[in-house]
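Line by line, the protein sequences are chains A and B. The numbering of the first sequence is our numbering, which starts it at 1 and goes up by one. The numbering of the second sequence is our numbering, which starts it at 1 and goes up by one.
Simulated from the structure, these hints should not be mistaken for lab results. Heads up, some of the hints might be wrong.
As the list claims (entries may be wrong) - Chain A stretches covered by chain B per the calculated footprint, using a threshold of three residues with CB under 8 angstroms from any CB of chain B:
no.: 1; stretch: 70-78
no.: 2; stretch: 91-97
no.: 3; stretch: 101-115
no.: 4; stretch: 164-176
What the hints assert, rightly or not - Only part of the chain A face toward chain B is listed, based on derived beta-carbon distances under 8 angstroms:
no.: 5; residue: Gly133
no.: 6; residue: Thr136
no.: 7; residue: Phe254
What the hints assert, rightly or not - Take a look, some chain A residues computed to stay more than 12 angstroms from chain B by CB distance:
no.: 8; residue: Gly38
no.: 9; residue: Leu48
no.: 10; residue: Arg49
no.: 11; residue: Pro52
no.: 12; residue: Asn122
no.: 13; residue: Val125
no.: 14; residue: Gly126
no.: 15; residue: Ala127
no.: 16; residue: Tyr129
no.: 17; residue: Pro134
no.: 18; residue: His139
no.: 19; residue: Ala156
no.: 20; residue: Leu158
no.: 21; residue: Ser218
These figures come from a predicted structure and were not determined experimentally. Beta carbons are placed, not taken as given, at the ideal position from N, Cα and C, and that holds for glycine.
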Amino acid sequence: MKGDGEVGGGPEASGASRARGEQSTPLLEVRDLTVHHGQLRALDRVSLRVFPGEVYAIIGANGAGKSTLLRTIAGLHQPTGGAILYDGKNMTKVRPERRATAGIGMVPEGRRLFGSLTVEENLQVGATYARKGPWTIEHVYELFGWMRERRTQRTAQLSGGEQQSVAIGRALVANPRVLLLDELSLGLAPVVVQRIYAMLPQILATGLTVLLVEQDVSQALRVASHIQCLLEGHTTLEGRPSEVTAAQVEAAYFGLTGAAAGSSGEESDTLWHGSTPSSRAS
Amino acid sequence: MAWVNAIIQGILTGGLYALFACGLSLMFGVMKVVNLAHGDLAVIGAYVALGVITVTHIPALWSFVIVVPIMALLGYVLQRTLIQAALDRGVLITLLVTFGLSVVIESGLLQFINADSHSLGVGESIVTGSFSIGSQIQIAYLLLLIFAVAVVVLLGLQYFLSVSRYGRMIRAVADDQEAAQLSGIDYRHVFGIAAAIAFGTVALAGIAYGMYSQFSPTTGTDTILLFAFAAVVIGGLGSLWGTLLGGIVLGVAQQIGAQINQSNQFLAGYLVFLLVLAVRPQGLTARRAQS
Chain A
1 MKGDGEVGGG
11 PEASGASRAR
21 GEQSTPLLEV
31 RDLTVHHGQL
41 RALDRVSLRV
51 FPGEVYAIIG
61 ANGAGKSTLL
71 RTIAGLHQPT
81 GGAILYDGKN
91 MTKVRPERRA
101 TAGIGMVPEG
111 RRLFGSLTVE
121 ENLQVGATYA
131 RKGPWTIEHV
141 YELFGWMRER
151 RTQRTAQLSG
161 GEQQSVAIGR
171 ALVANPRVLL
181 LDELSLGLAP
191 VVVQRIYAML
201 PQILATGLTV
211 LLVEQDVSQA
221 LRVASHIQCL
231 LEGHTTLEGR
241 PSEVTAAQVE
251 AAYFGLTGAA
261 AGSSGEESDT
271 LWHGSTPSSR
281 AS
Chain B
1 MAWVNAIIQG
11 ILTGGLYALF
21 ACGLSLMFGV
31 MKVVNLAHGD
41 LAVIGAYVAL
51 GVITVTHIPA
61 LWSFVIVVPI
71 MALLGYVLQR
81 TLIQAALDRG
91 VLITLLVTFG
101 LSVVIESGLL
111 QFINADSHSL
121 GVGESIVTGS
131 FSIGSQIQIA
141 YLLLLIFAVA
151 VVVLLGLQYF
161 LSVSRYGRMI
171 RAVADDQEAA
181 QLSGIDYRHV
191 FGIAAAIAFG
201 TVALAGIAYG
211 MYSQFSPTTG
221 TDTILLFAFA
231 AVVIGGLGSL
241 WGTLLGGIVL
251 GVAQQIGAQI
261 NQSNQFLAGY
271 LVFLLVLAVR
281 PQGLTARRAQ
291 S
């Protein structure tokens, strides 16, 4: 397992940060996205631009609309307003399976493996309509050493972390260009979360772009080259991890107004002692 | 000896019931559709076979070569239109819609054909022939053939589902439609394929019943659907081999009931059905009963 220092902020991430700007075109763009769950407005005019090679992290508390945002990008929810552009094409009305074959991959919240299928069959289903690219079932077995030996087991018999690995593998073998990761850490022990996030540089090295949703803010800040914070469906903060202060993140996460909202680094020591907002919120 | 005969006849009839049931079980297992028009569709299959035989004069036995593809196509189209539209509005709606379909089919057959009973392959040796074991046991070739067809169909389905690409997709979609979509799979198309297969087995069931007995517009609900349900429930929902076991248990119970008193035949079958529901509601083969 790699140490924390090696996990995030690698050359890929900083390169992508430099690429941000008017001249380069985003791989994935969301414009003024509004999504309703019945009467409830889950997302309110949220916009984001994800550039090639980036790790873009959406953070926010439970119910902030993070998962809704990813699911809408994947096509599992229809927005009531706004647009989703991928590779310059408008995908807003495109069916989810067409988005997947176009190169938008997703590891859904709760893993959502095919429980009656074996590990290998799960990967085979993921590869059914694969695009051309570096990822094969063999490569996934190389990335996760334990998987080959247990490929004939049903996924229902695996531990949470192993299931998450299979879910990631299932998304990778389709060779997506942008990978949506929805709450990888959910329900997993911290050490397992660390191990899974340690895989990220290897995955990024194959040229993938990642848009991830994470409740564990410290984890997100470590791996991301760009972050956006959601609160009750609104964007409350956006920027590079190096540009935002802990106090700003905290204010954006909890929706603290007044002093914290426009604060800079000096006030950050009061509420921020290494523990994450999520650990306090829970 | 009469009891042995009853059990043998019951087991063989179980093959016919398994054929009734496997399409129903498949539709429920993959898309959670309880198809109340299942029996009527089998009757349609029998009428289509009747038409094909009348026009082409091929033996009744071979009519399946034409009828199965026709019914499979009908299955795909019905699934992609009417049944999918119902599914999009909720599982309960599929009950109403397939019930409506059942009523429409029965009324349509009564309106546009007639209420007469028909049979397939009357006078053909395979339909009427039989052989004897000892003095009391007489086995009809047809019943033996139907049993063999049921076993072959179930083996084929099992093989298709476990090793083929589409079989794997069907199982994946049955597990989680959304996750399948994220893998680029259009579950509506996969549902269509599953329905086509189910309707293909329904066509076989209709032809088999047409040769075994007589059918009329109402046979679908008063015989085929009821026996199919009983076999599925006894065997266990969503289990393919459970349908064969369920069919056999139902068939044996009926024959033993008939042996005691001719009027008890169907009563005995339904008593076993109720007994299984009370004692083992998940069915006899419970392994894959839960979805």
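Quick rundown of the hints versus the structure:
Requiring three or more residues with a Cβ within less than 8 angstroms of a Cβ of chain B, the coverage given for the stretch 70-78 of chain A holds, as 3 such residues are present. Only residues whose C-beta sits within less than 8 angstroms of a C-beta in chain B count toward coverage, and the stretch 91-97 of chain A has 3 of them, enough to reach three; the restraint holds. Closer than 8 angstroms: that is the beta-carbon criterion, and the stretch 101-115 of chain A has 8 residues meeting it against chain B, so the requirement of 3 holds. With 3 residues having a Cβ less than 8 angstroms from any Cβ of chain B, the stretch 164-176 of chain A passes the three-residue criterion, so the hint holds.
About 13 angstroms separates the beta-carbon of Gly133 (chain A) from the nearest beta-carbon of chain B, more than 8 angstroms, and the hint is not met. Hint status for Thr136 (chain A) relative to chain B: violated, with the closest Cβ pair at about 15 angstroms, above 8 angstroms. For Phe254 (chain A), the interface hint is violated, since its Cβ never comes within 8 angstroms of a Cβ in chain B; the closest pair sits about 31 angstroms apart. Interface exclusion of Gly38 (chain A) from chain B stands, the closest Cβ pair being 15 angstroms apart, more than 12 angstroms.
Look at Leu48 (chain A): its CB is around 20 angstroms from the nearest CB on chain B, clear of 12 angstroms, so calling it non-interface holds up. Annotated as non-interface, Arg49 (chain A) keeps its C-beta farther than 12 angstroms from every C-beta of chain B; the closest such distance is 23 angstroms. With a minimum CB-CB distance of about 21 angstroms to chain B, Pro52 (chain A) clears the 12 angstroms threshold, and the non-interface call stands. Against the 12 angstroms criterion, Asn122 (chain A) falls within the reach of chain B, whose nearest CB is about 8 angstroms from its own CB.
Taking the minimum C-beta to C-beta distance to chain B, about 5 angstroms, the non-interface status of Val125 (chain A) is violated against the 12 angstroms cut. With a closest Cβ-Cβ approach of about 5 angstroms to chain B, Gly126 (chain A) is found to fall inside the 12 angstroms limit, against its non-interface label. Not every CB of chain B lies more than 12 angstroms from the CB of Ala127 (chain A), the least distance being 8 angstroms, so the non-interface label is violated. For Tyr129 (chain A), the requirement that its beta carbon stay farther than 12 angstroms from each beta carbon of chain B is not met, with the minimum near 4 angstroms.
At roughly 18 angstroms, the least C-beta separation between Pro134 (chain A) and chain B is larger than 12 angstroms, which holds for a residue marked as non-interface. With a cut of 12 angstroms on Cβ distances, His139 (chain A) stays outside the contact zone with chain B, its closest approach being about 17 angstroms. Non-interface status of Ala156 (chain A) relative to chain B is broken: a Cβ of that chain comes within 12 angstroms, the nearest being about 10 angstroms off. No beta-carbon of chain B is positioned within 12 angstroms of the beta-carbon of Leu158 (chain A); the least distance is around 15 angstroms.
Listed as a non-interface residue, Ser218 (chain A) keeps its Cβ farther than 12 angstroms from every Cβ of chain B; the least gap is roughly 28 angstroms.
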